[in-house]
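Add chain S to chain U, keeping to what the hints say.
If you read the sequences in order, they're chains U and S.
Under my numbering, the residue at position 245 of the first sequence is numbered 245, and the numbers go up by one with no gaps.
Under my numbering, the residue at position 192 of the second sequence is numbered 192, and the numbers go up by one with no gaps.
Hints are not guaranteed to be accurate.
[To be verified] Just a sample of chain U residues kept apart from chain S, beta carbon distances all over 12 angstroms, derived:
no.: 1; residue: A38
no.: 2; residue: G103
no.: 3; residue: S124
no.: 4; residue: S173
no.: 5; residue: W175
no.: 6; residue: A178
no.: 7; residue: I211
no.: 8; residue: W258
[Said to hold, decoys possible] Derived list of chain S stretches under chain U, where covered just means 3 residues or more per stretch with a C-beta under 8 angstroms from a C-beta of chain U:
no.: 9; region: 75–88
no.: 10; region: 469–475
no.: 11; region: 481–488
no.: 12; region: 526–538
no.: 13; region: 549–559
no.: 14; region: 572–581
Quick caveat, the hints were computed from the structure, so don't treat them as lab data.
Virtual Cβ for every residue (Gly too), placed ideally from N, Cα, C.
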Amino acid sequence: MGAKFLGALVLTLKVLIYLFLMVMIGLFLMGIYRKFTARVQYRVGPPIWQPYIDVIKLLSKKDAATKNWVFDLGVIMGLGGPLALLLFLPLDTIVGLNFHTKGDLILILYLAVVGPLGFALAASVGASPWGAIGVGRALSMMLGYELPFILGLLAVVAKDGTLLLQKVSAAQSMWNPAGWHYFQWPLILAAIGAHIALQGVMSEKPFDQAIAPHEIASGIMVEFGGKYLGMMLLMKAASLMAELGLFAVFFLGGTTAWDTIVKIFALFIIAISFDAVLGRFRPDQAFTVLWKWPTIIALLGLLLTVFA
Amino acid sequence: MGMLTHWSVLTVPMVLVLGSILAALFGLIKNEKAKRVLQMISTTAAAAFALYVNIALVAGWKGVPKMADLKPFTVKLTETLTLSWQYYWITGTFAILVMGVLMFVLAYALETFKDDENTTPFYVLTPLLAAAIYMTLASVNLIALFFSWELMSFVAFLMLLYYDRTKEGGPWLYAFWSGVGAMSMIAGIFLFYLASDGKTGFGLFELMQTVPVLTIKHPYMTLAAVLLLGVPFMIKASIPPFHTWAPRTYGSTHPSVAAFFSAAYSKVGIFAMLMWVYMFVGTVMSGKWVTTLGANFRNMPTAFFILAILLAFGAVFTSLLAFAQKDAMYLLAYSSMGQLMYMVMALVLGIGITVGYQKDMNVTMTVYTLGFFGAIYHAYAHGVFEMAAYMALGAAYKRSGGETEFNKLGAYAHRMPVTFFMGFLAMLSTVSIPLMWGFASKYLIYQAALYGRFFVLSAMALIAGTASFLYAFRYIHGIWWGQPTKGYDFMHSVKEVSAWGIIIALVVMGLTVLGGAIPGQVLNFITGNAVNQMVMQSAMAGGPLLIDKAVYMVNGFSILHFGYLAILFTVGILVALLVYTTSGGSRKVNLDDFYNSAEPYRPEWQVQLIGAFYGPIERVIEPYFKVSIERVYNWLGGIFGWFASYIESWNTGDTRDYTWALAGLIVLLMVLWVF
Chain U
1 MGAKFLGALV
11 LTLKVLIYLF
21 LMVMIGLFLM
31 GIYRKFTARV
41 QYRVGPPIWQ
51 PYIDVIKLLS
61 KKDAATKNWV
71 FDLGVIMGLG
81 GPLALLLFLP
91 LDTIVGLNFH
101 TKGDLILILY
111 LAVVGPLGFA
121 LAASVGASPW
131 GAIGVGRALS
141 MMLGYELPFI
151 LGLLAVVAKD
161 GTLLLQKVSA
171 AQSMWNPAGW
181 HYFQWPLILA
191 AIGAHIALQG
201 VMSEKPFDQA
211 IAPHEIASGI
221 MVEFGGKYLG
231 MMLLMKAASL
241 MAELGLFAVF
251 FLGGTTAWDT
261 IVKIFALFII
271 AISFDAVLGR
281 FRPDQAFTVL
291 WKWPTIIALL
301 GLLLTVFA
Chain S
1 MGMLTHWSVL
11 TVPMVLVLGS
21 ILAALFGLIK
31 NEKAKRVLQM
41 ISTTAAAAFA
51 LYVNIALVAG
61 WKGVPKMADL
71 KPFTVKLTET
81 LTLSWQYYWI
91 TGTFAILVMG
101 VLMFVLAYAL
111 ETFKDDENTT
121 PFYVLTPLLA
131 AAIYMTLASV
141 NLIALFFSWE
151 LMSFVAFLML
161 LYYDRTKEGG
171 PWLYAFWSGV
181 GAMSMIAGIF
191 LFYLASDGKT
201 GFGLFELMQT
211 VPVLTIKHPY
221 MTLAAVLLLG
231 VPFMIKASIP
241 PFHTWAPRTY
251 GSTHPSVAAF
261 FSAAYSKVGI
271 FAMLMWVYMF
281 VGTVMSGKWV
291 TTLGANFRNM
301 PTAFFILAIL
311 LAFGAVFTSL
321 LAFAQKDAMY
331 LLAYSSMGQL
341 MYMVMALVLG
351 IGITVGYQKD
361 MNVTMTVYTL
371 GFFGAIYHAY
381 AHGVFEMAAY
391 MALGAAYKRS
401 GGETEFNKLG
411 AYAHRMPVTF
421 FMGFLAMLST
431 VSIPLMWGFA
441 SKYLIYQAAL
451 YGRFFVLSAM
461 ALIAGTASFL
471 YAFRYIHGIW
481 WGQPTKGYDF
491 MHSVKEVSAW
501 GIIIALVVMG
511 LTVLGGAIPG
521 QVLNFITGNA
531 VNQMVMQSAM
541 AGGPLLIDKA
551 VYMVNGFSIL
561 HFGYLAILFT
571 VGILVALLVY
581 TTSGGSRKVN
591 LDDFYNSAEP
601 YRPEWQVQLI
611 GAFYGPIERV
621 IEPYFKVSIE
631 RVYNWLGGIF
641 GWFASYIESW
651 NTGDTRDYTW
661 ALAGLIVLLM
671 VLWVF
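Just chain U, with the same shape it has in the complex (with noise of 0.2 angstroms):
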């Protein structure tokens, strides 16, 4: 009783030391895209603890808004959907969980909406028409990347024949980039269609119609403040792990967590290049681009994968 007592808060303590951990690496990225988006348009830009300060900040404010308890459910379901995620991928293995075995791509996939649907939600809850369009452009941009997105994944399931993640890692190899399905021929078409429609799901420019603060607002954010703020920016740090990390196993041969979190750093430093020069689509553009170029690519990927 007593050892199963101290396995069950053993088990515990590694499952927050992992949340903990990669909410704490998302944040360091988004230090790190602040500071680097500044230098770029020649600024002095915010320390790159900064998040780590705006969410303690936000986080002990004592007077946020909130419209009723739903709202504040919805951001709950907002934060927890992302961790929950995290939790089915291989980067667990950093504290020594084996999670990932359990569930597999499809999972992965459906469990990945489950925060953004907690926000819009909780900005449907919040009433404002600036939410309302937020959340409208952000499941319109949700249409648009998941189709390429998609096609890439699946290109790889074709070529490994597997949904499980730890199978598709294991087909490839951590350091060499010729082991990597991003570099192997037909995948790369397959990889460079999902790695554009990667941008949207970051919503990064040029498709971060959802947020465009200039034009709505922010939208989503709008009615956010303090501590739902908060937590909103540790959903991004969160899910921006597992967007990353998802990528990065399928593409990147992101073998054990830490070569993963290396390969993070780098899509990460890609896709806020871009993001730094780049101007923001209109909605409609977007979608048409997104359901364009990268789908035609990935599509094409995937049907010389299935027919090779």
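Relative to chain U, chain S alone:
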């Protein structure tokens, strides 16, 4: 319970008819409230009894007869032709769903009918429709099926006609397509008769077995017979190109009627398609067609592959159409059509691969089991979430004075939190959020498609799933949240449903989660252990499939532990809750207190976003919807109309002209006869 041994396949319909008769008698009561309550009790009790009997039969509970011991009902017409209705496990599997939906919809109707709406036709006709559906499910003879089918269609038409809310011709469109279906079915039956040289007894199982032989003898006639027979089934399951009646019919009626139609009645189409696909296999894999329609394309007969692609396209298109709707009833109607196409696609995949992919028996068995039972399980999931969505909408419909358009709804959740939650969970299930029934069922279909290596189909199915997020959110925002379009004063007068309605809503919510938390058990229960038997057979053949209590697994390919999912999902939520509770406080503000770019806000301004919710992408996809099957039908209708007008133009109004014409015709015939 011993008495059940004396009962036959007619017991359930007779009890339903009794409930209906009682509802008609209660309709004579002057006191409106007493009338409604008594009608509800009589019909709901009949439905509950029907549900109990079916569950007991399928689950093989002690004290009830075995399924096979339930006496069939037969009518001997001629020496060779006997109409028969018999209960078998698939009857029970579908009947549980139909009776369950019937019970909930009838019980909840107290909350959805406005005070000025007459409930008697609803309470009288719905159990009758359920009885006709039951007879259809139990038909083991094509002629018996025809009679049951037409009875069902007629009762449904009466319901639609009475509750024609929008007067856009929905019932008549339904009647037209039912007529087309009836004629097509008769033509199919007639061709079967000809193909069998007048020797068929029209037994359904007999036909499924003899279709290959008939195809060898009369390939064209048998194929035509099978295709014609499929038309009414496809109409009922609203499969393109026979789907055009569905949105207007579902959209124009009362929410409670639509709930039963969409959640239960449409499943007859799925049931019939299930039988039909087997017949179709028999035709395309026999005689002349083996080398053409039956030739493999991507591990499936070409005909099946085309059908599956058509269905996947249909699912994507209807899902895209759903989110562009401005009326919640129409939105749910399109959503329903998309989900039905998922089910038929799974059936086509599962059954198609059994004849197409012969390289590996394990793969064949696995995909078959996943597709077949995925379709049945999704039929259940859809039944529950569509019913819940329509019921919640119905409650808002009553309180808003009969509104279903988004620009006249909004913010009802503030006054009706429990009802909102029913609708919300229904939508979570629709979009397949993990731990919801809709996820557990769609997962099986995705597994089938991916393990069978149909990747483009899978991608299309997944995108249809993504589009469902858009319409689900529109439903959530348009009805339940945002700003009240009827003003704040009106909202204060809105009340939550009664305690009775709340109990029903809670049970329905429980069901939505139950089917997603322990899917293996639920699926096995509703199919009378058929899944376990299939999986065991597969395992004995060395098959990699496992659908256990709470695990889905295709060894080496996919895995999903629902137990872990439940625990880890809870962990994620608990950690979020921990952050929430340990962080700073909050204060509640009014609904009209929101950020509006410093513009002075006036409560009378319309600030609910409703019109062009997905405007930008609606504009992008709009041109692709210019090619509409309905327009083709309208064009054809126009030609017929023109032809009819042309004939009408011959009318001179003088009888003597026709007499001369008739005389001329007789003379012409005589001349032809002489020479």
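Cross-check of the supplied hints:
no.: 1; hint: A38; result: holds, 26 angstroms
no.: 2; hint: G103; result: violated, 6 angstroms
no.: 3; hint: S124; result: violated, 4 angstroms
no.: 4; hint: S173; result: holds, 21 angstroms
no.: 5; hint: W175; result: holds, 26 angstroms
no.: 6; hint: A178; result: holds, 25 angstroms
no.: 7; hint: I211; result: holds, 15 angstroms
no.: 8; hint: W258; result: holds, 22 angstroms
no.: 9; hint: 75–88; result: violated (count 0)
no.: 10; hint: 469–475; result: holds (count 3)
no.: 11; hint: 481–488; result: holds (count 3)
no.: 12; hint: 526–538; result: violated (count 0)
no.: 13; hint: 549–559; result: holds (count 4)
no.: 14; hint: 572–581; result: holds (count 8)
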